[in-house]
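Here the structure of chain A is known, so what remains is to put chains B, C and D in place on it, guided by the hints.
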Amino acid sequence: MQSYSALNLFRRGLGGHKSWTRAWRDPAPKSHYDVIIIGGGGHGLATAYYLAKVHGIKNVAVLERGWIGGGNTGRNTTIVRSNYRQPALHNLFEFSLKLWEGMSDDLNYNVMFSQRGALFLGHSDSDMIRLAERGDAMRCMGIDAELMSKAQLRKLIPLLDMSDEARFPVVGGLIQPRGGTARHDAVAWGYARAADALGVDVIQNCEVTGMDIRGGKIVGVKTTKGDIGADRVGICVAGNSGQVAAMADLRLPIESHLLQAFVSEPVKPMIDTVIMSQSIHCYISQSDKGEIVLGGDPDMYPTYSQRGRPDRIEEVAGQAIALIPALSRLRMLRSWAGTTDMSFDGSPIIGKTPVDELYLNGGWCYGGFKATPGSGWLYAHTLAKGEPHALNAPFRLDRFETGATIDETGAGPMPHHR
Amino acid sequence: MLLIHCPHCGPRAQAEFVFERPLESIIQIDEALPDLIPKLYSRVNPKGPSWELWRHTYGCQSWLKLHRDTHNHTIHAVLEIGQTPEGGDA
Amino acid sequence: MSQTLRQTKGGRIDRSRTIRFQFDGKTHKGFEGDTLASALLADGVKLFGRSFKYHRPRGVMAAGIEEPSALVGAGTAGRYEANTRATDLFIYPGLKAVSQNRWPSLGLDLLSGISLISPFIPAGFYYKTFFGPPKLWMVYEHFIRMAAGLGKAPKVADKDGYEHRAAFCDVLVVGSGPAGLAAALAASASGAKVILAEQDRELGGSLLTDAATIDGQASDEWIAAATTSLLAKGGRILTRTTAAGFYDHGLLNLIERVTEPGQAPGADGLAQRLWRVRAGQVILATGALERPRLFAGNDLPGVMLSGAVRTYLNRYGVRTGQKVVLTTDNDDAYRTALALAEAGAQIVAILDSRAASAAGNSLSLRRAQTRLPVHFGAKLIAAKGSAKGVKSAKALIDGQITNLVCDLIAVSGGFSPVVHLHMQAGGTLSWNETTGAFSPDISRQNQTTAGAASGADGLGQTLTSGWEAGLAAAKALGLKGSSVKTPPACAEADDQVCRSLADWLPAPQTNLKKAFVDYQNDVTAADLDLAWREGYRSVEHMKRYTTLGMATDQGKTSNLVGLARLALAEGRPVPSVGLTTFRPPYTPVTLGVLAGEHTGAHLSPRRRPVLYQVHAAQKPIWQPVGYWHRPRAYPQGREDLHQSAHRESLAVRTKVGVTDVSTLGKFDVVGPDAAAFLELVCATTVGKLAVGRGRYTLMLREDGMVMDDGTVWRVAENRFFLTSSTGGADRMSAHLSYVRKVLAPQLKVTVANVQEHWAAAAIAGPLAKAVVENLMGEGAAPRHMSLGFGPLAGIPTMILAASYSGERAFEIYAPSHQIGPVWDAIVEQARGLGGCLYGLEALEILRIEKGHIVVGGEIDGRATADDLGLGKMLRPSGGFVGATALGRPAMSDPQRLQLIGLEAISGTIPEGSMLITAKGAVPCGHVTAAGMNVVQGGSIALGFLQGGRARLGDVLTATSPTRKQAAQVKVVAPVFYDLAGDQYRD
Amino acid sequence: MIDTQMLKRVTPETGRLIRFEIWSDADACLDRLAKALGTELPQTGKSANAGDLRLVWLEPMTWLVRAPEARGAAVLARIEEALASDGGACDISGALVRTRITGPAWRTLLTIGGVFDAEADTFGPGCMAATVIAHAPVRLDVISKTEIDAYTPPSYAPDLFEFWDHAAARLNLQAR
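Protein chains in written order, with the working numbering: chain A, 211 to 628; chain B, 1271 to 1360; chain C, 636 to 1621; chain D, 42 to 217.
The following block holds chain A by itself, in its conformation from the complex (with noise of 0.2 Å):
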């Protein structure tokens, strides 16, 4: 692997950069891994980087049925934070957030996370003490959150609209300072550059499209590159995981739902903190290059199609200039749609399958950009040892069944009420 620093940059701008080599090599699949990660996704790759790093088992490939990082890695607002209240998923995302701390050293490949702080808003006295009581539960558990007057957040936030004529006032917020934003595309990237030099194969343009499964047990899959045996198949689709557990006459919890995000055009800095609401459910940061990131809820019903319905980007737009009116004549400029894997507790599952050997990862919902690291991490531990780590036991796949689900906005088992 070509190390990647400030001089090298310079030695080799020298020679006009002619010398730089690929970031990660385009091999031909091997009759047989030890594992099989389906999908070249951030967490597909990070999965398949540890288990190269933690674990020693190098013989892993990566299946990408397209581009790496063209699934929703590439399709997120970037926020990466652990504000979570129940102690499950705060524990987990704490984990992956710890990582993502040291990410950009580790894997040689800036991945620009940028810790400037992920901030929820309170509208109404019930909002700060729900906000309270979300901190609280973090703090108990060593994470870090902070509550902010209004005068704190007329600081840090100068064109935020803390007038009392705001349908939702803003009366104080929960900032974690340690939450933040990367650069999405280069955490794909920058595992797969990693991985491979571990000897991991990312293979793209791979499209699994069976699996072959004796006596309850999977033994490899059938893709558009030909057969390939493994000893362990982990599934990293999320978006997908119906259409590929289908492979295995599975079904999952999970319906795909579509989730918009769009930019604006690049300004000079204005905004430094993710800004999020207690009561108004859009999302909004700018990034380096000064676009503003918009988000909001999904489009609220199952589609693949990757097409969203306008009204939602009008309604997250109407949201923002409620909060930021300054930002009424910045324009959008381009938007996207992912699809996601709504699962029917809004929390992910990261475990075994009925099926012996195959594994599952998935049901981010529209959560999964922040958990890139510790969920690679975690489902790399659980392929390994064959058995889940204790911090992604409790979501397992059977929890349905037994009625221990984890239901952080306790909406319930329907997707589009959460």
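Derived from the structure by calculation, the hints contain no laboratory data. Hints may be right or wrong, so weigh each one.
What the hints assert, rightly or not - Calculated Cβ distances over 10 Å to all of chain A for the following chain C residues:
(1) Met1185
(2) Gly1231
(3) Asp1528
(4) Gly1573
(5) Arg1586
Said to hold, decoys possible - Heads up, simulated BS3-like pairs for lysine-lysine below, C-alpha to C-alpha not over 27 Å straight-line:
(6) Lys1376/C x Lys1309/B
(7) Lys1605/C x Lys1507/C
(8) Lys868/C x Lys478/A
(9) Lys87/D x Lys1376/C
(10) Lys308/A x Lys770/C
(11) Lys365/A x Lys794/C
(12) Lys49/D x Lys794/C
Stated by the list, open to error - A few chain B residues facing chain C, derived, Cβ under 10 Å:
(13) Ile1297
(14) Leu1306
(15) Ile1307
(16) Pro1316
(17) Leu1323
(18) Gln1331
(19) Ser1332
(20) Trp1333
(21) Ile1345
(22) Pro1355
As the structure is a prediction and not an experimental result, all values here were calculated from the model. We put the CB at the ideal spot given by N, CA and C, even for glycine.
Frame of chain A; chains B, C and D shown alone:
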């Protein structure tokens, strides 16, 4: 935003409708636990035609069965509750 | 300024109407009809802005919406619009525009020094450096953020109006060039209801640059006649209106710029309007965009698209150069050359990359050959110059490198049909290797493409394809044929063809590090090559790694050039390397117009109880509950919220209080099967309820969790009245309808949502009965959990004797529109007995003391009835929604969170705090609601505790690290007042 | 380019609103109701006058009757008698606020902030439609070419009426 042909109100914007659930996951009240669990907590989640329950919440408030393609959004049929499609089960 | 480059006549500007405006603080003059670009170009301005990354000087490249370089900030204060294309901004009196991304000034931009280190910061350089701890990256990032961004950030709220409007038509035609007008005429003549949308301020498209003769008329006259005809047939014509998005089932969003960027609106206050158009058929006549070519310095001010040069000359009367070099792969550029020559410019050279044998034979080309220096097989290697503009060009002519002195380089790299909307609609493309262009292939919606957007070449083809598309659309809608049978015909059909021969290879001597593909984002051909070398070979990887096509021009001029470069590296044909996805918007759209009216105070409905104004007169503290606004407390004098709430709750405990409970969910359930129906939704026994009696009930979700609570009353044998929480009322309404219509369609019952039909006052306290009987007569007050009827203040009312506060209480219901006198009478009576109004805060204190649960508090969507201590209420026989799912093992786990009461041993219990056994321990529960013992005082709370019911008597800490508060608490049963329920009864 | 006259919004006097639903033996029940009300019930998506009563189709097998306040109780009793055990009726007088919009531009007004084709030629007098405008649920009943009744829950009414007043003011300005 879809255009849904309500059998009562004619073609109307999706903004007037609310998706409820796939027909396969309608659970009768006396459903036994072994039948309820898969209906409540697992989905075919098809990429293609799907029978779904919607409601014309901001229109005539009817519950409607839609046969809708989840991939290209073509709506093949909209039926009233109690109607069954010709040659198919819904 | 003197408008030195303005021609004395010609063009579509109105020389009689001078418009003054400012650019970078300097006053300029232009004419009505000018864009900011044309007016400044006429004044000799060449430098318009600085590029994103290297701060290179940039001028105007195009004459329309595809402009990547000439971006300005337009307007001031709340009307300031950053990144406005100078080419898409028609000047108006008082316009103030400023250049962007430069410091301290456009001419002297200190950040242009970045250009010096450009060899070391190629595409994706930031991924390879800035390592170290995240804190260190934050330092680097601070400076990167300051350098990035383009325009200044807006700071002021926008007061102008935006409107959304729905429109429906048979045929929507996008684009009013010759193809669009012909299509609209054909559809309209066939009886279709037509909407024609044009992004420009006037109709005509290419005809505004290249006048022609159509059907024997000058094109201006033909356009005017077409307009008259369309309007006469009921068509709607929208100018300055861009089709920004093509969504499902024939829905398009059109953005109408009622005012220009930064311009003050008229009396109606409207800046922009969003048209939500649902069309039976859509015809896209969106034209084609000219592409630049690869040579070093192709981004210098003074390098312009050939068509744009002609537009500035013909439409705006501005000759943008005196000594001109043209480089082209098609015949169209010859028309530019001839027009320039006719206007007195010197044509230094026409460099045609085609071989003489492959060139076209249009009239323009033939005429140019006779009088202008035309070189076939010739290419540009480099443009040279400075921020002040191009000074010379280095060309490869007949294999020789030749220097040409010039002040304008007009470039044509062929034309890309505008297929964006076709692709947004889900269509597919076909590739023309000769012209190097994608054009629409299969349509997935009721949509066709016409004119240059469909790959038509020349005005003759364009008019015909538009006409045919219009007829076909009408036919598809089942309309009668057109009364007019022949398409519009033009005299110049032969001349207006361009016969592009795509040539993607730059001259071999070209310095690719200075050959820009994406002008705004400073992506060069060398950057693309580097990305490919590093393995970013999927078109999406290349885009994301280099930022190609991600600037505000959305790659309109750069995408295909970049794609061709990738195809070249891959050694594959262009279509096989794929395309990035086309998504809305076609051109950037203000967030303001997307939001429409629905922002600020109107973001979402503010539902007001019918007594809103009556309460407002008392100046209460309001509380949002979902969409509702309800009084939280009625402070007297200088009371704060807590003092007021305590006084109000004390009044209820000792005398009497009145509160508005109008917003509760309410349902009439009527019919012989009413009881049977209610037993499906209510988890408690309902059927045995006697007429005139009521009881508390719970409704569960299908997964067994408590969804809501309320009361159910038997009004008559076959008539029930059901109440539920305010916040859950809409959900409950949908749930009841679902059970009634989907699960139990056979039942003979009607369920009517009467939430807003009834308004109600709750009267609670030891003197509540006296209030009722004073008003309605002796014996009018029903006993606890019974109902009665009777007139009050002359209005027929219903009285439910139910208590949430724990005191003897009555809810008096009257129809909403008649509640006024009823309320007034009750309040007057209560006050007369020493009582007062109480709000939600007092209600909260009272219910906590009584251990009553609330939706959104203890009913949190995760609690079962048993968790809430109400398990015994459930009908053991089951048969209600949610009963079955309770049989899952985890639902009866003894370690579930269970509702408990908490009494402070020391300190005040913080609401929402965590319950811990020792410092540093993992929380074993939390406080859901905290209040006080109303009469005796003392901090009490409700909460959830793991296995809580078995832990009564335990001492825990309720800790709130975020508020630095804690209290020592004792776990008790969740009721603190009147355990026996004596206060309820008489 | 809007051809309009001054739009006016008039909040009329309140009347009695009765919602009723038929669940069984529909044909006979409809006959009884027709006799009781003096006219056939309007078809799907339609409305009609019956003396001083206004009949509006609401939902499948569900109608709204607007009666003068003074006759409200009598009309309700008559409907309940005709329904017998084949249907149920409820007084919902307080659940909806009716407002009358007058002026030929009511069609344009109702396209503002909406998703329904109020400009369709087929949506004429005697037609009803339920839709959502500016987030508020609205039921529309076309009275004549220049008049339409809009019914909305009272809690949404203040916001919606303010929205319409603003939009109408804009239209009136543009018409000048």
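Hints, verified against the model:
Remark: the non-interface label on Met1185/C conflicts with the geometry, its nearest Cβ contact in chain A lying 7 Å away (cut-off 10 Å). With a closest Cβ-Cβ approach of about 7 Å to chain A, Gly1231/C is found to fall inside the 10 Å limit, against its non-interface label. Non-interface call for Asp1528/C relative to chain A: violated, since the shortest CB-CB distance, roughly 8 Å, does not exceed 10 Å. No beta-carbon of chain A comes within 10 Å of the beta-carbon of Gly1573/C; the shortest separation is about 20 Å.
Arg1586/C, annotated as away from the interface, keeps every beta carbon of chain A farther than 10 Å; the closest lies near 18 Å. About 19 Å separates the Cα atoms of Lys1376/C and Lys1309/B, which keeps this hinted pair within 27 Å; it holds. Simply put, Lys1605/C and Lys1507/C have alpha-carbon atoms about 25 Å apart, close enough for the 27 Å limit, and the pair holds. Taking the CA atoms of Lys868/C and Lys478/A, the gap is near 49 Å; set against the 27 Å cutoff, the hint is violated.
For the hint linking Lys87/D to Lys1376/C, the alpha-carbon distance of about 23 Å falls within 27 Å, and the restraint holds. This hinted pair checks out: Lys308/A and Lys770/C have alpha carbons roughly 14 Å apart, not beyond 27 Å. For the suggested pair Lys365/A and Lys794/C, the alpha carbons sit about 24 Å apart, so the restraint of at most 27 Å is met. Between Lys49/D and Lys794/C the CA atoms are separated by roughly 26 Å; this keeps the pair inside 27 Å, and the hint holds.
Because the beta carbon of Ile1297/B sits about 6 Å from the nearest beta carbon in chain C, less than 10 Å, this interface hint is met. Below 10 Å, beta-carbon pairs count as interface contacts, and Leu1306/B has one with chain C at about 5 Å; its hint therefore holds. Given the 10 Å rule on beta carbons, the hint for Ile1307/B holds: about 8 Å separates it from the nearest Cβ of chain C. This hint is violated: Pro1316/B has a C-beta 18 Å from the nearest C-beta of chain C, more than the 10 Å allowed.
For Leu1323/B, the shortest C-beta to C-beta distance to chain C is roughly 7 Å, which falls under 10 Å, so the interface hint holds. Checking Gln1331/B against chain C: minimum C-beta separation of about 7 Å stays under 10 Å; hint holds. With a least beta-carbon distance of about 8 Å to chain C, the hint placing Ser1332/B at the interface is held under the 10 Å criterion. The restraint placing Trp1333/B at the interface with chain C holds, with a minimum CB-CB distance near 5 Å, inside the 10 Å limit.
Interface hint status for Ile1345/B: upheld, as the beta-carbon distance to the closest one in chain C is roughly 8 Å, under 10 Å. Interface restraint check for Pro1355/B: the shortest CB-CB distance to chain C comes to about 17 Å, outside 10 Å, so the restraint is violated.
Hints 1, 2, 3, 8, 16 and 22, counting from the list given before, are not met by this structure.
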